[in-house]
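Number of protein chains: 2
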Amino acid sequence: MLPKDAPSQPSEKPRRGRPRGAPDASLARQNLIRAGLEHLTEKGYSSVGVDEILEVAKVPKGSFYHHFRNKADFGLALIAAYDIYFAGLLDRAFLDGSLSPLARLRLFATIAEEGMARHGFRRGCLVGNLGQEMGALPDGFRAALVGVLESWQNRTARLFREAQACGELSAGQDPDALAEAFWIGWEGAILRAKLELRPDPLRNFIKMFVRLFEAGTAG
Amino acid sequence: MLPKDAPSQPSEKPRRGRPRGAPDASLARQNLIRAGLEHLTEKGYSSVGVDEILEVAKVPKGSFYHHFRNKADFGLALIAAYDIYFAGLLDRAFLDGSLSPLARLRLFATIAEEGMARHGFRRGCLVGNLGQEMGALPDGFRAALVGVLESWQNRTARLFREAQACGELSAGQDPDALAEAFWIGWEGAILRAKLELRPDPLRNFIKMFVRLFEAGTAG
Numbered sequence: 247m248l249p250k251d252a253p254s255q256p257s258e259k260p261r262r263g264r265p266r267g268a269p270d271a272s273l274a275r276q277n278l279i280r281a282g283l284e285h286l287t288e289k290g291y292s293s294v295g296v297d298e299i300l301e302v303a304k305v306p307k308g309s310f311y312h313h314f315r316n317k318a319d320f321g322l323a324l325i326a327a328y329d330i331y332f333a334g335l336l337d338r339a340f341l342d343g344s345l346s347p348l349a350r351l352r353l354f355a356t357i358a359e360e361g362m363a364r365h366g367f368r369r370g371c372l373v374g375n376l377g378q379e380m381g382a383l384p385d386g387f388r389a390a391l392v393g394v395l396e397s398w399q400n401r402t403a404r405l406f407r408e409a410q411a412c413g414e415l416s417a418g419q420d421p422d423a424l425a426e427a428f429w430i431g432w433e434g435a436i437l438r439a440k441l442e443l444r445p446d447p448l449r450n451f452i453k454m455f456v457r458l459f460e461a462g463t464a465g
Numbered sequence: 247m248l249p250k251d252a253p254s255q256p257s258e259k260p261r262r263g264r265p266r267g268a269p270d271a272s273l274a275r276q277n278l279i280r281a282g283l284e285h286l287t288e289k290g291y292s293s294v295g296v297d298e299i300l301e302v303a304k305v306p307k308g309s310f311y312h313h314f315r316n317k318a319d320f321g322l323a324l325i326a327a328y329d330i331y332f333a334g335l336l337d338r339a340f341l342d343g344s345l346s347p348l349a350r351l352r353l354f355a356t357i358a359e360e361g362m363a364r365h366g367f368r369r370g371c372l373v374g375n376l377g378q379e380m381g382a383l384p385d386g387f388r389a390a391l392v393g394v395l396e397s398w399q400n401r402t403a404r405l406f407r408e409a410q411a412c413g414e415l416s417a418g419q420d421p422d423a424l425a426e427a428f429w430i431g432w433e434g435a436i437l438r439a440k441l442e443l444r445p446d447p448l449r450n451f452i453k454m455f456v457r458l459f460e461a462g463t464a465g
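Those sequence lines, one after another, are chains Z and F.
Numbers given in this note's numbering equal positions in the first sequence, counted from 1, plus 246.
Numbers given in this note's numbering equal positions in the second sequence, counted from 1, plus 246.
Read the hints as simulated data drawn from the structure, not as lab findings.
Owing to the predicted nature of the structure, the values given are computational and were not obtained by experimental measurement.
Please note that the accuracy of each hint is not assured.
[What the hints assert, rightly or not] Restricting the straight-line Cα-Cα distance to at most 30 Å, the calculated cross-link-like pairs of lysine-lysine (DSS-like) are:
id, chain 1, residue 1, chain 2, residue 2
1, Z, 453, F, 304
2, F, 317, F, 307
3, Z, 307, Z, 317
4, F, 453, Z, 317
5, Z, 317, Z, 304
6, F, 317, F, 304
[To be verified] Pair by pair, the computed Cβ-Cβ distance ranges are:
id, chain 1, residue 1, chain 2, residue 2, range
7, Z, 412, F, 316, 55 to 61 Å
8, F, 407, Z, 301, 50 to 56 Å
9, F, 304, Z, 353, 33 to 39 Å
10, Z, 338, F, 411, 43 to 49 Å
11, F, 301, Z, 334, 43 to 49 Å
12, F, 420, Z, 363, 20 to 26 Å
13, Z, 337, F, 301, 44 to 50 Å
14, Z, 412, F, 443, 34 to 40 Å
15, Z, 363, F, 418, 45 to 51 Å
16, Z, 319, F, 273, 29 to 35 Å
17, Z, 453, F, 411, 21 to 27 Å
18, Z, 407, F, 389, 40 to 46 Å
Virtual Cβ for every residue (Gly too), placed ideally from N, Cα, C.
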């Protein structure tokens, strides 16, 4: 998912030591990142060409190759930008001290559903999309995608430990394994919501997952 | 996943009323379907070209267009072939009367894991791959993919009803919603196993799902 306010990656030094050029160079980079996120969350990596991105971002080809070595380099920059954006979204829900940990998990699901609804459920998760395409992607993508999922899982495991501390989750559950199961199922739910163009799979998954959470409390 | 013995689709009449041609025409179709399943379960639809399939299947281009109108038509034939193959695999596990319903679910997971292991966890589920790519696929694919998932879910819901009948699953659970949750999570687990090139995500998901199943029994 990619809400309308998805930021582009924070400014980075341009590669290969070239002069930075016009004052709008970092704006061009931001536009490229934004157009890339929009297109790749909807269509994936393989079916989107650089020319398509240039046209939408209204950026000339030379500027693209000023900021990125090639399409693969651009793809890795998109993963990094998406990770930063999405970690912020997770923190907004998971660190909301006014809610119980379980309510924060539900808040995340609501925010995520609203984000998908804004685009008619046509845009999924960049990491899920690229993960599914991994067989056709440059090898460097694998470690980047696994790394992003692990960082989201670590945030989720921290939330689950808080849930244990306040009795919402039984001490017998393994927060790390449960957090991995959450992200396995959540990516599946995003995929299915995108396929069916409706929120029902997200809601079904959360309902089941919360039952698991509560089952743990009873055990 | 696609075990080595994945069959091609049963013979169908060739389209557009052309003469069937050489006696090996249906063999050519089988080879095309087989090569297509192998490539698309690994790389998805968008990144695989018809020429690549022709080369692997050792079939001339004219023969491809004798059997399929275009790549999209070929893609739909692959979905149909995969559905038939996979429904057989599900039935093998889910209709095994020597096992309890829960043990049959575990048997399915074991068979599926073995199938992925045979290809180093590089091949996923055709339906999951294409579902993830839906934003870049012809619109007709959506109904076909949803239809296949629903047929797998119906088989799974029947298994869960048997589980209720024998007390492995509480009467309070909704077998249809639980079956949908299973396929949401299972497709997520296949995606993750393919990304990490290892079986751990499949095992984590089944372990969690079975706990849900058993939690239902206790409730």
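So which of the earlier hints does this model not fit?
1, 4, 9, 15 and 16
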